[in-house]
Amino acid sequence: MNLNYKIENKGNILIVDDLPENLQLLSDALLKLGYTVRSVTSGRMALKTVKVKRPDVILLDVKMPEMDGYQVCRTLKANADFSQIPVIFISALDDVFDKVTAFESGAIDYITKPFQIEEVVARLENQLTIQRQQQLLEQENIKRREAEEVLYQSRALLASVLNSSLDGIAAMQAVRNTETGEIEDFRCLVVNPQISRAFNSRNEEMIGKLVLKKFLTNIDPELFNCFVNIVETGESLEQDFYYESGKSCWFHFVAVKLGDGFSVTIRDITARKQAEFELQQQAKNLELTLRELKRTQAQLIQSEKMSSIGNLVAGVAHEINNPVNFIHANLIPATEYFKDLLYLVKLYQQHFPDPPIQIKVESEAINLDFMQEDLLKLLNSMRLGTDRIQRIVLSLRNFSHHDEAEYKRVDIHQGIDSTLMLLQNRLKATAEHPEIIVIKDYAQLPRIQCYSGQLNQVFMNLLDNAIDSIYTQCIGAQGQIKIKTIFVNKNQILIKISDNGVGISEELHSQLFDPFFTTKPVGKGTGLGLFICHKIVVEQHGGNLYCNSDFGKGAEFVVEIPIAK
Numbered sequence: 001m002n003l004n005y006k007i008e009n010k011g012n013i014l015i016v017d018d019l020p021e022n023l024q025l026l027s028d029a030l031l032k033l034g035y036t037v038r039s040v041t042s043g044r045m046a047l048k049t050v051k052v053k054r055p056d057v058i059l060l061d062v063k064m065p066e067m068d069g070y071q072v073c074r075t076l077k078a079n080a081d082f083s084q085i086p087v088i089f090i091s092a093l094d095d096v097f098d099k100v101t102a103f104e105s106g107a108i109d110y111i112t113k114p115f116q117i118e119e120v121v122a123r124l125e126n127q128l129t130i131q132r133q134q135q136l137l138e139q140e141n142i143k144r145r146e147a148e149e150v151l152y153q154s155r156a157l158l159a160s161v162l163n164s165s166l167d168g169i170a171a172m173q174a175v176r177n178t179e180t181g182e183i184e185d186f187r188c189l190v191v192n193p194q195i196s197r198a199f200n201s202r203n204e205e206m207i208g209k210l211v212l213k214k215f216l217t218n219i220d221p222e223l224f225n226c227f228v229n230i231v232e233t234g235e236s237l238e239q240d241f242y243y244e245s246g247k248s249c250w251f252h253f254v255a256v257k258l259g260d261g262f263s264v265t266i267r268d269i270t271a272r273k274q275a276e277f278e279l280q281q282q283a284k285n286l287e288l289t290l291r292e293l294k295r296t297q298a299q300l301i302q303s304e305k306m307s308s309i310g311n312l313v314a315g316v317a318h319e320i321n322n323p324v325n326f327i328h329a330n331l332i333p334a335t336e337y338f339k340d341l342l343y344l345v346k347l348y349q350q351h352f353p354d355p356p357i358q359i360k361v362e363s364e365a366i367n368l369d370f371m372q373e374d375l376l377k378l379l380n381s382m383r384l385g386t387d388r389i390q391r392i393v394l395s396l397r398n399f400s401h402h403d404e405a406e407y408k409r410v411d412i413h414q415g416i417d418s419t420l421m422l423l424q425n426r427l428k429a430t431a432e433h434p435e436i437i438v439i440k441d442y443a444q445l446p447r448i449q450c451y452s453g454q455l456n457q458v459f460m461n462l463l464d465n466a467i468d469s470i471y472t473q474c475i476g477a478q479g480q481i482k483i484k485t486i487f488v489n490k491n492q493i494l495i496k497i498s499d500n501g502v503g504i505s506e507e508l509h510s511q512l513f514d515p516f517f518t519t520k521p522v523g524k525g526t527g528l529g530l531f532i533c534h535k536i537v538v539e540q541h542g543g544n545l546y547c548n549s550d551f552g553k554g555a556e557f558v559v560e561i562p563i564a565k
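Reading the sequence shown from the start, the letters are residues 1 to 565 in full-length UniProt numbering.
Worth flagging that the hints you see were computed from the coordinates, not collected in a lab.
Keep in mind it's a predicted model, so treat the numbers as computed, not measured.
We treat Cβ as the ideally placed atom computed from N, Cα and C, and that holds for glycine.
Certain hints may be false.
[What the hints assert, rightly or not] The calculated SDA-like cross-link candidates involving lysine to any residue, where the alpha carbons are at most 25 Å apart (straight line), are:
(1) K113 / A147
(2) K377 / A329
(3) K213 / L137
(4) K209 / A147
(5) K209 / F199
(6) K77 / V150
(7) K213 / Y152
(8) K213 / A156
(9) K77 / R54
(10) K346 / V324
(11) K440 / L423
(12) K213 / L151
(13) K346 / P323
(14) K53 / D68
(15) K48 / L19
(16) K377 / D354
(17) K484 / R383
(18) K257 / F224
(19) K77 / V100
(20) K428 / K496
(21) K257 / N192
(22) K53 / V100
(23) K428 / R383
(24) K10 / K77
(25) K32 / D68
(26) K294 / N544
(27) K440 / K482
(28) K10 / A174
[Said to hold, decoys possible] Label pairs and their in silico Cβ distance ranges:
(29) Q540 / Q511: 43 to 53 Å
(30) L279 / N225: 53 to 63 Å
(31) H413 / Q540: 12 to 22 Å
(32) E148 / E232: 29 to 39 Å
(33) S165 / E235: 18 to 28 Å
(34) N491 / D340: 55 to 65 Å
(35) R197 / L279: 52 to 62 Å
(36) L25 / M45: 47 to 57 Å
(37) L25 / Q153: 53 to 63 Å
(38) R383 / D464: 28 to 38 Å
(39) Q297 / N225: 20 to 30 Å
(40) N285 / P323: 56 to 66 Å
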C-alpha cells in the first residue's frame, strides 16, 4: 500500500457499470460536486484501471458480462496492493442473499437501485472520511512504531553503555514528606552493575527502591545531606570518599541535579589512591634517606675535621712538649748554677771589699746588685712559664686524647679542666665583657669508662655555647658558668653545665639536637655541634643529653653518663 498517496480534490472515484447511462448519471453528478471520476464498463477494465492509478473509492455494479461485481471485488481483496480500497456495490438486486454475498466478497456498503444521488454522495463521503482517517491513523502508527524503534534502540544503547561502563552510574528521584515537603529519601530510577556491586546488590533489587539513605548511613551520613542540597539548590558536588565493603575502597563521584533528583557518576579510584600513597611513602622515604645522607655527610665532615684537629693538636703538643721539657729541665740546674755563682760573688766581695777600679766600674755599669736580685726572678718566671706551657700541652693532649682513642676508664674532671684550660682566652675580660667566672662544684666521682676524646668534644661544645650565650646576654655584666658533677648511683653520674646567658625558648627545645638547627646568627654556627654531642652521649655512651632553659634566664645542659656500659 502506497502510504504517501495524497487525496486530490475531494476524492478519486472509479465507477464500474456495464450500462453507459448509469455511468453518465453518476459521473456528471460527482464531477459537479468536485470529485475526480473515472468510468469503465467491465470488470476486467476496472482491474486494469486500478493498476494504472489507484482510486480512493470504487462504485461497482453487480451484474456485468464476463466478470460480475463479486468476482471483481474478490480479486481486488485478494491483492495486497488493492485490498484496502473501499468498494461500494450499486445494484438493482435487493435480495438479502445478494447483499450478504456482496459483504462477504469484501464490500463496505451496498446501495440499491434506483438510488438518490444525495444518498450515494453521503455514503461515498462517509467512506472517504473513514479512509482518510485510516490513512492518517496508519501514518501515525508508522511514526509511532518508528519512534518506538528509535526509543528501543536508544534504551538498548543506553543499557549497553551503562552495563559496560567502568564507572558507576545512577539516577535518583527525591521522595518527599507529603506534609512538610522535605526530602526523606531517594528512589533509584536508573542504576548500572557497577553501582549495584558497590551496594552489594543487583539492579533489579535497587530499581524503584529506597536504598540510598540506608546505604549512606554505613559510609558517611553527611553525604545524604549533600545530595539533598544538590536537589534543593542546584549546586553540583564532586569529591572523594572512602568505603569499606569487604575490602578498602576509594571512590570519586560527581553528582548533579536532575529534575527533582540527581544523577551521580562514581569511579573506583582505589588503585590511584594506593599509587598516590606509595608515591608519597616513597617521597617520604627519599626525604628521610636524603636527610640521613646529609646528617651522615655532615657527621663525617665534622668527625674528619675533629680527627684532623686532634692529629694536629697531638702533633703540635708533641713538638712543643719536647723543647719545653728540655728548657724546663735545664732551668732547674741553671738556677742552681746561678745560685752557686751568686754565692761565689758574695764571698769574693766579702774577702775583697776593695776591688780593682776596672772591676768596680764594670760592676756599676752592669748594675751587679740589681742583676743578682732580678736574675733569680727571671729564672723563676721562666720556670713558671714553662710550667704553664706544660699544663697547656697536657690539656691539649688530654683534650685530643690522640693516644687514648680506646674505650677506657678516665677521670672526667680532668677532661673538663683540660677543656677549660683551652678556653681560658675566651673566659678572660675584654673591652666589651668582664671576665667570665667559672664555678666548679665537683662531686667525688669514680673513674668512668668512656671515649674520653669524644666526651671532651662534648664539654668543649657545651662550654663554648655557654660563652657565646653570655656574650649575647651579658654585655657589660658579669658572666657566670657553673659546672656541677653529681654521683647519682653506682651506675650513673651527671654533669650539669649552666650559664646566665640569653637562654633558649621552650618551643625550640624539641629542635635543639636536630642537624643544621642553630639559634646563632648566620655564619656563627653550623648547627652540628649539639647534634654531634647528642650522638656521642646517647649513641656512643648509652647516656642522655637534655636542656633546661627559658628565654632570658640562662640555660642548663645535663649530661647523663653511665659509669660503665
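Tested hints:
Simply put, K113 and A147 have alpha-carbon atoms about 48 Å apart, too far for the 25 Å limit, and the pair is violated. Pair hint K377 plus A329 holds up; C-alpha atoms about 17 Å apart against a cutoff of 25 Å. Only pairs whose Cα atoms come within 25 Å are accepted, and K213 paired with L137 is rejected, the gap being roughly 48 Å. Restraint check: the Cα-Cα separation between K209 and A147 comes to about 29 Å, which exceeds 25 Å; the hinted pair is violated.
Distance restraint check for K209 and F199: the Cα-Cα separation of roughly 13 Å lies within the 25 Å cut-off, and the hinted pair is therefore satisfied. Under the criterion of a C-alpha separation no larger than 25 Å, the hint pairing K77 with V150 is inconsistent with the structure, at around 33 Å. For the suggested pair K213 and Y152, the alpha carbons sit about 32 Å apart, so the restraint of at most 25 Å is broken. With a CA separation close to 30 Å, the supplied pair K213 and A156 exceeds the 25 Å bound.
For the proposed pair K77 and R54, the alpha carbon gap of about 14 Å is at most 25 Å, so the pair holds. Straight-line distance between C-alpha atoms of K346 and V324 comes to about 32 Å, which puts the hinted pair past the 25 Å bound. Proximity of K440 to L423 is assessed by CA-CA distance (about 15 Å); at most 25 Å being required, the pair is judged to hold. Between K213 and L151, the direct Cα distance comes to roughly 32 Å. Violation of the 25 Å bound is thereby established for this hinted pair.
Proposed proximity of K346 and P323 is contradicted: the alpha carbons are some 34 Å apart, above 25 Å. Proposed proximity of K53 and D68 is supported: the alpha carbons are some 21 Å apart, at most 25 Å. Taking the CA atoms of K48 and L19, the gap is near 19 Å; set against the 25 Å cutoff, the hint holds. Taken as a hint, the K377 and D354 pair is broken in the structure, with Cα atoms around 28 Å apart against an allowance of 25 Å.
Restraint check for K484 and R383: not satisfied, since their Cα atoms lie roughly 33 Å apart, outside the 25 Å limit. Our distance criterion of 25 Å between C-alpha atoms is met by K257 and F224, whose separation comes to about 14 Å. Note on K77 and V100: the hinted pairing holds, with a Cα-Cα distance of about 16 Å set against a maximum of 25 Å. Distance hint between K428 and K496 is fulfilled; the C-alpha atoms sit about 22 Å from each other, no more than 25 Å.
At most 25 Å may separate the alpha-carbon atoms for a hinted pair to count; K257 and N192 meet this at roughly 19 Å. The suggested pairing of K53 with V100 is violated, with an alpha-carbon distance near 29 Å, which exceeds 25 Å. Pair hint K428 plus R383 holds up; C-alpha atoms about 23 Å apart against a cutoff of 25 Å. Of the pairs offered as hints, the one joining K10 and K77 holds, with about 24 Å between alpha carbons and a cut-off of 25 Å not exceeded.
With a C-alpha separation of about 29 Å, the suggested pair K32 and D68 falls outside the 25 Å cut-off, and the hint is violated. With a CA separation close to 23 Å, the supplied pair K294 and N544 stays within the 25 Å bound. Restraint check: the Cα-Cα separation between K440 and K482 comes to about 6 Å, which is no more than 25 Å; the hinted pair holds. Restraint check for K10 and A174: not satisfied, since their Cα atoms lie roughly 55 Å apart, outside the 25 Å limit.
The supplied range of 43 to 53 Å is broken by Q540 and Q511, whose beta-carbon atoms lie about 22 Å from each other. Hint check: L279 to N225, Cβ distance near 33 Å, so the stated range 53 to 63 Å is violated. About 20 Å separates the C-beta atoms of H413 and Q540, a value consistent with the hinted range of 12 to 22 Å. In this structure, E148 and E232 meet the distance hint of 29 to 39 Å, their C-beta atoms being roughly 36 Å apart.
At about 25 Å, the beta-carbon gap between S165 and E235 stays in the expected band of 18 to 28 Å. The beta-carbon spacing between N491 and D340, approximately 58 Å, falls within the hinted interval of 55 to 65 Å. Judged by the Cβ atoms, the range 52 to 62 Å given for R197 and L279 is violated: they are separated by roughly 28 Å. Against the hinted window of 47 to 57 Å, the Cβ-Cβ separation of L25 and M45 comes to about 19 Å, which falls outside the hint.
The hinted range of 53 to 63 Å is satisfied by L25 and Q153, whose Cβ atoms lie roughly 56 Å apart. Separation of R383 from D464 is about 32 Å and conforms to the stated range, judged on CB atoms against 28 to 38 Å. For Q297 paired with N225, a C-beta distance near 54 Å fails the hint of 20 to 30 Å. For N285 paired with P323, a C-beta distance near 57 Å keeps the hint of 56 to 66 Å intact.
Taken one by one, the earlier hints fail for this structure at numbers 1, 3, 4, 6, 7, 8, 10, 12, 13, 16, 17, 22, 25, 28, 29, 30, 35, 36 and 39, listed in ascending order.
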